[in-house]
Amino acid sequence: MKDFTRYTGTSDYIVSEDLQNDVNVSIALGRPLLIKGEPGTGKTLLARSVAAGLGQELLTWNIKSTTKAQDGLYIYDTVQRLNDSRFGGNDVSNIENYIKLGKLGEAFARETQVVVLIDEIDKADIEFPNDLLAELDEMKFYIPETKKTIAARQRPAIIITSNSEKELPDAFLRRCVFHYIEFPNPELMEKIVRVHFPDLAEQMIQEAMTAFYQLRETEGLRKKPSTSELIDWLKALLAAGHNGKVDLQKNLPFLGALLKNENDYEIAARQRQAFQKRSAMTPFRR
Amino acid sequence: MVTPTEWLALMEALSRGFAGNSLVSFYHLSRSLLVKTEALFDHFDLAFREFFTGLEVPPEIFAELWQWLGQESLRREIGADALKDLPQYDWETVRKMFEERLKEQKEKHNGGNRWIGTGGTSPFGHGGHHPGGLRVGGEEGGGMAVKIAAERRFKGYRRDVTLDVRQIKVALKKLRHLRRTGSRLELDIDETVDKACKNAGEIELIFTPEHKNDVKVLLLMDAGGSMYPYAKLVDRLFSAANSVNHFAQFNHYYFHNSIYDYLRPEIDGRERIPTAQVLKELNPDHKVILVGDASMAPYELFMENGIIDYYDRNETAGIVWFERIASHFRRTVWLNPMPERYWRHPTIAAIGQVFPMFHLSLEGLDEAIKKLTAF
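Quick mapping for you: the protein sequence lines, in order, are chains A and B. Everything in the first sequence is counted per the working numbering, starting at 1 for the first residue and increasing by one. Everything in the second sequence is counted per the working numbering, starting at 1 for the first residue and increasing by one.
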């Protein structure tokens, strides 16, 4: 048990107990932790919190649609070498001058354990995760150009996030510990809000939460607002000096911070109107 | 499917004590090691509940016991050594002993080491110490884990029932065919090195077009009356396909029940386009997805002038048009929102002979897309 309970969350990131456990299981078993969940539920922030909580460095590898698995291991800069051979510069005969380690390669080469975040793996090509299987299993790779093997001295803690825009291959999933971040229930959300805004007026929190969850339940929204949008919205309200002064039952300022789609905007506006009409008609029941 | 690798990982985790002694921890641990998609969490919940429900204390003795255990909870402080010395029982023994002891015991009993009560070291009761003991009720015990499973919070993530725009988009993204097209933007290193060698070291950069998705999609949707219950579903499929921006070309048309001489570009517009023209304009590379319940009166499908719209005439029977479509395009599938058990209906069966038919659920969509991308 001793080597197990290592990560217990940080003061700026509220983490559920089973997520804590999954982080620790993944570190103890030396398997990557795959995090999925609605956009804006703090998948990326988790890695930051794990690194901070363990007191280790965080190496972030942001994945784009053009990212290749090789980029995370090392890059052999042929063009630079070609250029140097033509115009002079570095020692062209030493190929190592032109090998640059990627984020994963860097993590393996470190003396101490680090946390590696492979962010938004689903952005890459469908084959991308498959190209990393051996490297993630054995935590080492071979560079044919220099005939050297880079092996991890300390198995890094690897956290992979996915917005499930593409499905991940089975062979890859098999090697992961999987955690799905559920959308926080109101109690947990309140805790999260309090961590971000310790001075928020009590009545403001309650009203904002009610409005927020009401909005989320609106039928037909293309993109439901999530935690990060709620935080942004509260930030906007605070910046505009609305702390505790605005009646959120009556109007919702800065709706654009919560809804990012024109269509959703209209739907929400219509629903609020209907709601207000209803509450205006039955003043005694409320 | 759980693979041996995953099973062994769970065994390793358990042997290292990661689940503690709590069934709730075991629930989460086994789920995160064995189940790798939220779509299957609900299946896991069902299986978990099925298996572990039997291990709960039967309700009839529970009520009486709960009274004994009720208010007092004087937890006895025991050192770790003492804890070790307590007799160890396996589950079966504990259960048997529990039932026997329950027969003997006639009253409330707390703080002891034999009877069922609170705060003691007998293997039974609540709020006490006994490694491997039977817990009766309380805030967190076996029942809690089963309760979590029984809540079935992941029901909404199942792939065989729900279909939202985003999920359809994910499925449609698998439709792709990479090919080098467009302007030359990517540096072709091999070519560049070759060229530089040939030029005796003089560098000449060679560029090549990027890999791009070359998939063209044609979506044909039934907007007939019997499709009304599925209108929302079809609409979602359409808006997903329409917003997947990696198709090289996306065309869509509507039809009523069956396809005849004309197709409609708008769902309720009057505009019509000859089906023959569509077939002429689109090359056979298009992946064709037809959506419809394929349910109609047999004459609508098999007869000339069988068209349901009273003022319309069709010189060619619907089934002939379907056959033409199937032979013109290399890859076609039919998505049917009706459950498979209804597919023996004559027109569904006939259309199923022409196009590979799949159920319009995420699973069916996945299968259909496999069919569309197969070589």
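If you're looking for bench data, these hints aren't it; they were derived computationally from the structure. Hints are supplied without guarantee of correctness; some may be wrong.
[As the list claims (entries may be wrong)] Straight-line C-alpha distance at most 27 Å; calculated DSS-like pairs for lysine-lysine:
(1) A:LYS260 with B:LYS280
(2) B:LYS173 with A:LYS224
(3) A:LYS64 with A:LYS140
Note that the structure is a prediction, hence the values are computed from the model and not measured.
Hints the structure violates: just list their numbers, smallest first. 1
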